[in-house]
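S.K.: Protein chains in written order, with UniProt numbering: chain A, 1 to 543; chain B, 1 to 456.
Rather than coming from a laboratory, the hints here were simulated on the basis of the structure.
As the structure is a prediction and not an experimental result, all values here were calculated from the model.
Treat the hints with care, since some could be wrong.
Stated by the list, open to error - If we take Cβ atoms under 7 Å as the criterion, some of the chain B residues that face chain A in the derived model are:
#1 I201
#2 V202
#3 N203
#4 M218
#5 G343
#6 P356
#7 E360
Stated by the list, open to error - Derived lysine to aspartate or glutamate pairs resembling EDC-like cross-links, with alpha carbons at most 20 Å apart:
#8 A/K427 / B/E338
#9 B/K336 / A/D468
#10 B/K110 / B/D185
#11 A/K352 / A/D468
#12 B/K298 / B/D314
#13 B/K336 / A/E439
#14 A/K272 / B/D136
#15 B/K110 / B/E96
#16 B/K118 / A/D378
C-beta: ideal position from N, C-alpha, C; glycine also.
Below are the chains, spelled out letter by letter.
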Amino acid sequence: MSAIELDPEYDLEIFNGFGSSPLLRNLSLGRRTKKRWSFHLNSKPNLIDRSPNVPVRRRLSDVTGIDAVHKQIDPHHISPAQLYSTESGRLFHAGKICIALAGLPGRGKTHLSVSLTRYLRWLGVKTHSFHLSNYRRAAAPADDLDHASFVMYPHDSQEAMFRDKTVENCLNDILNFFETDKGQVAIYDAVNATPEYRRQLNKRFQDVNIQCIFIELTVTDENMLKKNMELAARSLPDYENWNYEDAYKDYSARINALSPYYKEMSQDSEDKTLAYIKMINFGQRIELHNSNYGYLINKVVFFLMNSRIKLGSVYFARCYKNEWDYSKDPPLDEGGINYAKNLTKTMIKHLKSKGRVFEDDGESGFLATKLKTTLSIDEKHPPTGADGVEDDSFVVWTSVKKRTKQTTQFFKERGVNIRHRIQLSQKNPGVVGAMTEEEIRDNFPTEYELFLADPYHHRFSRAELYHDLAIKIEPLILEMERMSGDILIIADETVLRVLHGYLMACSCYDIPWLEFCTDEIVEVKFNAYSNTARRIPIENLSD
Amino acid sequence: MPVYSVSHVENVRICVIMVGLPARGKSLIAQKIVRYLLWLSIKAKCFNVGSYRRQLAGDTAITAEFFNPDNRDGWSVRVEAVNRATEDMMRWFAEENGVVGIIDATNLTKQRRSDLLKLCRENLIEPIFLESWCDDQDLILQNIADVKTTSPDYVDVDPAVATDDFLSRISQYERNYQTLNVADDEDLTFIKLVNVGSQIIVNRIESYLESRIVYYVMNLHIKPRSIWLLRHGESEYNLTGQIGGDSNLSERGWRYAKKLPEIVLKSLGEEHEHTNLTVWTSTLKRTQQTASFLPYQKKLEWKALDELDAGECDGMTYEEIEQQFPEDFKARDDNKYEYRYRGGESYRDIVIRLEPIIMELERQENILIITHQAVLRCLYAYFMNVPQEESPWMSIPLHTLIKLEPRAYLTLVSRIKADIPAVSTYKEKGTSQLGELASEVSNSRDLILNSLQASV
Numbered sequence: 001m002s003a004i005e006l007d008p009e010y011d012l013e014i015f016n017g018f019g020s021s022p023l024l025r026n027l028s029l030g031r032r033t034k035k036r037w038s039f040h041l042n043s044k045p046n047l048i049d050r051s052p053n054v055p056v057r058r059r060l061s062d063v064t065g066i067d068a069v070h071k072q073i074d075p076h077h078i079s080p081a082q083l084y085s086t087e088s089g090r091l092f093h094a095g096k097i098c099i100a101l102a103g104l105p106g107r108g109k110t111h112l113s114v115s116l117t118r119y120l121r122w123l124g125v126k127t128h129s130f131h132l133s134n135y136r137r138a139a140a141p142a143d144d145l146d147h148a149s150f151v152m153y154p155h156d157s158q159e160a161m162f163r164d165k166t167v168e169n170c171l172n173d174i175l176n177f178f179e180t181d182k183g184q185v186a187i188y189d190a191v192n193a194t195p196e197y198r199r200q201l202n203k204r205f206q207d208v209n210i211q212c213i214f215i216e217l218t219v220t221d222e223n224m225l226k227k228n229m230e231l232a233a234r235s236l237p238d239y240e241n242w243n244y245e246d247a248y249k250d251y252s253a254r255i256n257a258l259s260p261y262y263k264e265m266s267q268d269s270e271d272k273t274l275a276y277i278k279m280i281n282f283g284q285r286i287e288l289h290n291s292n293y294g295y296l297i298n299k300v301v302f303f304l305m306n307s308r309i310k311l312g313s314v315y316f317a318r319c320y321k322n323e324w325d326y327s328k329d330p331p332l333d334e335g336g337i338n339y340a341k342n343l344t345k346t347m348i349k350h351l352k353s354k355g356r357v358f359e360d361d362g363e364s365g366f367l368a369t370k371l372k373t374t375l376s377i378d379e380k381h382p383p384t385g386a387d388g389v390e391d392d393s394f395v396v397w398t399s400v401k402k403r404t405k406q407t408t409q410f411f412k413e414r415g416v417n418i419r420h421r422i423q424l425s426q427k428n429p430g431v432v433g434a435m436t437e438e439e440i441r442d443n444f445p446t447e448y449e450l451f452l453a454d455p456y457h458h459r460f461s462r463a464e465l466y467h468d469l470a471i472k473i474e475p476l477i478l479e480m481e482r483m484s485g486d487i488l489i490i491a492d493e494t495v496l497r498v499l500h501g502y503l504m505a506c507s508c509y510d511i512p513w514l515e516f517c518t519d520e521i522v523e524v525k526f527n528a529y530s531n532t533a534r535r536i537p538i539e540n541l542s543d
Numbered sequence: 001m002p003v004y005s006v007s008h009v010e011n012v013r014i015c016v017i018m019v020g021l022p023a024r025g026k027s028l029i030a031q032k033i034v035r036y037l038l039w040l041s042i043k044a045k046c047f048n049v050g051s052y053r054r055q056l057a058g059d060t061a062i063t064a065e066f067f068n069p070d071n072r073d074g075w076s077v078r079v080e081a082v083n084r085a086t087e088d089m090m091r092w093f094a095e096e097n098g099v100v101g102i103i104d105a106t107n108l109t110k111q112r113r114s115d116l117l118k119l120c121r122e123n124l125i126e127p128i129f130l131e132s133w134c135d136d137q138d139l140i141l142q143n144i145a146d147v148k149t150t151s152p153d154y155v156d157v158d159p160a161v162a163t164d165d166f167l168s169r170i171s172q173y174e175r176n177y178q179t180l181n182v183a184d185d186e187d188l189t190f191i192k193l194v195n196v197g198s199q200i201i202v203n204r205i206e207s208y209l210e211s212r213i214v215y216y217v218m219n220l221h222i223k224p225r226s227i228w229l230l231r232h233g234e235s236e237y238n239l240t241g242q243i244g245g246d247s248n249l250s251e252r253g254w255r256y257a258k259k260l261p262e263i264v265l266k267s268l269g270e271e272h273e274h275t276n277l278t279v280w281t282s283t284l285k286r287t288q289q290t291a292s293f294l295p296y297q298k299k300l301e302w303k304a305l306d307e308l309d310a311g312e313c314d315g316m317t318y319e320e321i322e323q324q325f326p327e328d329f330k331a332r333d334d335n336k337y338e339y340r341y342r343g344g345e346s347y348r349d350i351v352i353r354l355e356p357i358i359m360e361l362e363r364q365e366n367i368l369i370i371t372h373q374a375v376l377r378c379l380y381a382y383f384m385n386v387p388q389e390e391s392p393w394m395s396i397p398l399h400t401l402i403k404l405e406p407r408a409y410l411t412l413v414s415r416i417k418a419d420i421p422a423v424s425t426y427k428e429k430g431t432s433q434l435g436e437l438a439s440e441v442s443n444s445r446d447l448i449l450n451s452l453q454a455s456v
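Please model the complete structure; the sequences and the hints are all you need to start from.
M.R.: Listed below in structure tokens is the structure:
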């Protein structure tokens with residue numbers, strides 16, 4: 001293997017434990033006054049020198065954009081919920097980690113690697129997922145896609161060589177990611193079928209001081225497996241332009257071809273020396289073996305506990321009018337009530353087009369009755385609120401303010417569950433709350449300039465930052481990750497920006513400029529590989 | 001990660017039901033969960049069945065025979081104790097809007113667990129079973145050593161007798177033990193810790209708060225250890241009364257730094273060598289300078305241990321702040337925990353950024369932390385369960401070493417004051433003057449003094 005050159009900082013890292021920087025010997029030389037918590041000017045990346053073409057102010061009128069979860073991370077990148085920045089770009093004391101997945105196709109590996117990447121990036125961990133299937137697709141001739149990777153050919157055959165080369169290409173990129181891009185977590189999305197192979201892989205990373213930890217996905221629930229396979233047959237790039245039945249058949253054939261070779265990870269095989277996490281039925285049960293390693297790994301397990309095969313969409317709608325003084329809590333005016341009616345009708349019309357049934361549709365409240373079934377003490381209760389248990393569930397989240405409550409009243413009439421979440425309250429604007437942008441500029445000229453330079457991290461007196469919001473909504477993000485079905489979030493623009501930023505992996509330079517209007521709903525649809533966003537215009541459907 | 005906000009999720013009520021033999025660290029884990037959740041402003045309470053049992057038994061001496069499953073009298077007292085504990089917990093959920101209640105008992109049999117499960121479901125409380133399973137004899141003996149010195153059951157009992165009695169008590173329990181397992185308990189929400197974290201099984205976690213608790217427990221260990229907390233030596237800014245900044249140590253601060261190895265050794269106990277101890281500092285010069293004479297190999301610096309960022313007020317004195325930002329000055333005194341400096345941080349912000357530190361601290365063994373006043377207050381509040389209205393007002397003098405020893409039933413605190421004078425950086429409410437006011441000692445700032453178990 002072409003081992004990467006030893007990074008000089010490695011010795012120190014080993015010496016000091018997990019990736020710490022050493023104490024300075026000559027303390028008088030330490031110029032540490034400039035490093036601050038709250039991303040003051042001096043610790044911010046220099047945007048001016050970055051590229052002459054970056055305008056100071058960017059209005060991203062197009063919130064729908066592209067999911068950036070697969071984008072290479074900009075060296076100046078600061079994540080929405082990042083707690084601190086370091087010169088090496090890595091979190092302190094956490095080291096370099098390769099998370100190698102294991103499991104047959106159809107177990108949700110790609111789904112997991114993408115959603116985990118999204119979450120870790122959001123936290124400020126430099127993460128990238130490497131999908132072996134992408135390397136295979138890039139290298140294979142168009143008409144000969146799968147066989148090499150899905151059948152065990154003799155070692156010296158052409159197919160085996162092709163497979164080995166694909167793997168080498170992918171691993172090389174992973175090593176480069178650690179070496180040149182200052183990456184911290186690489187997620188290697190491949191089948192990794194046998195204990196011998198996993199042990200070799202582990203050794204290769206260990207030899208270059210990268211901690212390797214396996215996450216094995218197994219599925220014992222036949223229904224879940226079938227659903228995963230259907231999803232793959234519909235959405236896998238391999239099956240573009242295929243008819244669905246053929247795709248499903250082909251995908252089953254792949255799994256059947258590989259199954260005999262796949263050896264589950266266990267303490268009774270060579271795997272017992274490895275650090276591994278078993279994830280059974282995508283989060284239903286998680287078993288940690290020799291994996292009690294550190295902050296980041298535990299954070300990953302924390303995410304796994306909240307992660308499900310995510311389907312459905314999140315819809316964003318603004319609450320009506322934001323001009324009101326932050327501290328006031330006025331009711332909706334006539335225009336607002338009209339908006340609420342149109343929003344409800346548009347949303348329900350859209351959901352009906354997806355086949356949902358609502359109260360007073362003659363079916364006597366399909367959704368409502370489902371949730372009102374009495375809970376028996378003989379079986380496990382669904383989590384609080386029972387939201388998002390079914391794939392076709394629908395729930396509305398909104399803040400605790402009067403006007404947002406009133407905006408949801410017409411959904412309530414239709415039997416939709418409404419959840420009020422305090423985290424969805426508007427960002428506290430602080431002293432500039434009641435001011436227009438011109439007034440801010442006139443009253444606080446210097447602060448205004450700082451704000452323009454970095455609206456995500458600039459704090460007016462008493463104000464909340466977007467960063468504060470990002471940290472505050474983490475429970476909601478994880479709740480979202482574990483729910484099936486659709487969610488409509490009605491909230492202030494500031495909150496929608498941050499939530500949208502998570503789902504579409506936006507950088508914190510873009511988030512403050514995302515625009516949400518009162519004449520449209522923005523839909524973000526979850527997909528295994530990348531999320532997609534689109535607009536749904538709010539129609540004037542008043543009677 | 002401000003979990004404080006999850007308490008606003010409607011109707012979340014969780015009952016953590018501990019499972020495991022005695023001396024497996026159950027009480028320690030239960031106490032820690034409560035302390036962690038309270039620190040994050042989530043209402044939590046532990047119901048220790050042992051203390052109900054002691055109340056019921058009155059002055060009767062409790063021996064291992066009491067725990068024999070065939071001992072009818074003992075059995076009925078124990079059942080009554082469990083019932084009273086659960087009743088109290090249900091009342092607490094209903095009347096005080098409790099969020100996370102913990103039943104700290106052995107709960108070894110399937111029957112007992114299914115009774116509790118039924119009770120929880122009837123009351124729409126989500127049960128989580130948390131089992132600590134352990135066959136590491138060294139670990140068990142260490143725990144027994146801890147229990148026999150701190151358990152109320154063995155007050156005034158000869159340690160050797162206590163150990164024997166406790167071992168035979170455990171064997172009484174073992175007769176009925178049915179451990180949680182994947183095959184039988186597939187439908188329950190449970191966590192099983194095998195030998196404290198070497199293997200962990202997490203089954204059917206179905207809400208954010210549950211996952212939060214599991215995440216915390218994953219980071220725990222139950223080995224005995226100590227944590228030392230201290231502030232940096234007196235700095236140049238301390239002398240001038242300025243806050244924040246990144247100044248060097250004063251002459252007296254340097255003297256303290258030089259004396260520190262000796263003080264730490266004394267705290268370790270004279271027979272100990274300077275060995276298994278890791279030093280954590282912030283990234284600021286004054287903490288690193290304070291650490292510079294300590295002979296330990298492992299020193300880590302953490303950004304998260306940096307002093308509260310005073311934003312625009314950084315480098316000012318309290319008088320200057322009072323003059324330039326009178327409103328802010330007052331607002332801070334009114335609610336010091338929530339007050340956020342212009343462009344800076346609040347105490348709550350510090351609690352959020354300390355999360356990785358707390359997790360890592362739970363994972364590690366002997367750690368000596370050199371940090372700053374506000375950060376130390378937050379850390380101390382976490383370990384000693386100080387409410388957030390009081391923690392920002394605690395007096396934590398310079399040149400004083402605080403040693404914490406977390407035990408199953410309590411945390412022992414001791415401190416050593418170095419014989420090197422330093423200015424006071426303590427500010428009473430309502431004044432910009434520094435220093436503890438000798439005449440009017442407020443209750444809050446003496447928390448550490450009041451909690452002292454031993455003073456050296």
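S.K.: Just to be careful, I want the Cα atoms of B/K118 and A/D378 compared with a cutoff of 20 Å; is the pair within it?
M.R.: Since the Cα atoms of B/K118 and A/D378 sit roughly 8 Å apart, the hinted pair holds (cutoff 20 Å).
S.K.: With chain A as the partner, please determine if B/I201 meets the hint condition of a C-beta pair closer than 7 Å.
M.R.: Since the shortest Cβ distance to chain A is 5 Å, the answer is holds.
S.K.: Against chain A, is B/E360 within 7 Å by beta-carbon distance?
M.R.: 6 Å, holds
S.K.: Less than 7 Å between beta-carbons is the criterion; does B/N203 satisfy it with respect to chain A?
M.R.: Holds, because the Cβ-Cβ distance from B/N203 to chain A comes to roughly 5 Å (cut-off 7 Å).
S.K.: Taking only the CA atoms, is the gap from B/K298 to B/D314 under or equal to 20 Å?
M.R.: 31 Å, violated
S.K.: Is it true that the CA of A/K352 sits at most 20 Å from the CA of A/D468?
M.R.: At roughly 37 Å apart (the allowed maximum being 20 Å), A/D468 and A/K352 break the hint.
S.K.: Is the interface hint satisfied for B/V202? The criterion is a beta-carbon contact with chain A at less than 7 Å.
M.R.: It holds, given that the least Cβ distance between B/V202 and chain A is near 4 Å, below 7 Å.
S.K.: Verify the interface restraint on B/G343: the C-beta must sit less than 7 Å from at least one C-beta of chain A.
M.R.: Holds: closest Cβ of chain A sits about 5 Å from B/G343, inside 7 Å.
S.K.: Does B/D136 sit within 20 Å of A/K272, going by the straight-line distance between their CA atoms?
M.R.: 19 Å, holds
S.K.: Should the hint that B/M218 touches chain A count as held when the rule is a Cβ pair under 7 Å?
M.R.: Status holds, d = 5 Å.
S.K.: Verify the proposed pairing of B/K110 with B/E96, using a straight-line Cα cut of 20 Å.
M.R.: 30 Å, violated
S.K.: Does the nearest C-beta of chain A fall within a distance shorter than 7 Å of the C-beta of B/P356?
M.R.: 5 Å, holds
Violation of the numbered hints given earlier is confined to hints 11, 12, 13, 15; the remaining hints are satisfied by the structure.
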